[in-house]
Amino acid sequence: QLFKLDPFGFSREMQIFGMVAVTLYVKFRRANSLLEFLPTIFLHLKVAVLVATFVEDYRATLWYGVVFLIMFFTVHQAEDKTPNKVETLNTGNFSLVEDDKKALWLVEFYTTWAQNCIPFSATFNALSNKYCNDKLKFGKVNIGRFASLAERYGISLKTINNHELPTLILFEKGKPVADQRLPVKKPDGTLHGQYVLLTEENIIKFFKLDRRTAA
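In our numbering, the protein residues as written are 4 to 218.
No wet-lab data here; the hints were simulated from the structure. Built from N, CA and C at the ideal position, the CB exists for glycine as well. Hints may be right or wrong, so weigh each one.
Stated by the list, open to error - Once the Cα atoms are required to be at most 30 Å apart in a straight line, the calculated DSS-like pairs of lysine-lysine come out as:
#: 1; residue 1: Lys138; residue 2: Lys161
#: 2; residue 1: Lys105; residue 2: Lys189
#: 3; residue 1: Lys49; residue 2: Lys176
Claimed, not checked - Computed Cβ-Cβ distance ranges for the label pairs, DEER-style:
#: 4; residue 1: His166; residue 2: Asp213; range: 45 to 53 Å
#: 5; residue 1: Asp102; residue 2: Lys211; range: 39 to 47 Å
#: 6; residue 1: Asn136; residue 2: Gly95; range: 19 to 27 Å
#: 7; residue 1: Val69; residue 2: Asp102; range: 57 to 65 Å
#: 8; residue 1: Asp83; residue 2: Phe45; range: 27 to 35 Å
#: 9; residue 1: Gly95; residue 2: Lys211; range: 50 to 58 Å
#: 10; residue 1: Thr94; residue 2: Ser14; range: 28 to 36 Å
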């Protein structure tokens, strides 16, 4: 058996949750904060329970799986509702960005189902309140609903645990600015190995927000 007692006396349940704990520890090193990492913790714990119930009784796994899927598609994380200066974009009004020849636009491409997106909204809202002016505008677009914009700007929607989401792109005169995109992508379209945490400090430094909004 795969999960039988090992020489150290660990039960199969302990082995399952031990593997999850190690996985979470590795992932946490790339997290912005514990608060933003909580959805990832809960998702991995749900998967661990699913595996544990399968080991014990596959019928319990079927019921748990049904409940899990229902909750996954009907219950979503609450978005940050604090006042902000972020323009909500879609395929119908994305011309606000592409036709603007004067102001820069920092656009967040996100989905409601990717683990990192909803917690990040508070950070993006705070940045908009601090830096939005006539020179720099902020926008966000739900590419889970408007997938054509994801395709247009080369953003993958393949997996739930997607390190490409959210993606931030700086636009100037309606076009993406070269090398002004997070996460950073290589010329072949793959993600750069050196991941930049999406903290306020890192975003300000990477996109040079202080310099771009200076009087």
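Here's how the hints hold up against the structure:
no. : hint                        : in the structure
1   : Lys138 - Lys161             : violated, 34 Å
2   : Lys105 - Lys189             : holds, 28 Å
3   : Lys49 - Lys176              : violated, 45 Å
4   : His166 - Asp213: 45 to 53 Å : violated, 27 Å
5   : Asp102 - Lys211: 39 to 47 Å : violated, 24 Å
6   : Asn136 - Gly95: 19 to 27 Å  : holds, 25 Å
7   : Val69 - Asp102: 57 to 65 Å  : violated, 47 Å
8   : Asp83 - Phe45: 27 to 35 Å   : violated, 18 Å
9   : Gly95 - Lys211: 50 to 58 Å  : violated, 31 Å
10  : Thr94 - Ser14: 28 to 36 Å   : violated, 52 Å
In this structure, the hints that do not hold are numbers 1, 3, 4, 5, 7, 8, 9, 10, in rising order.
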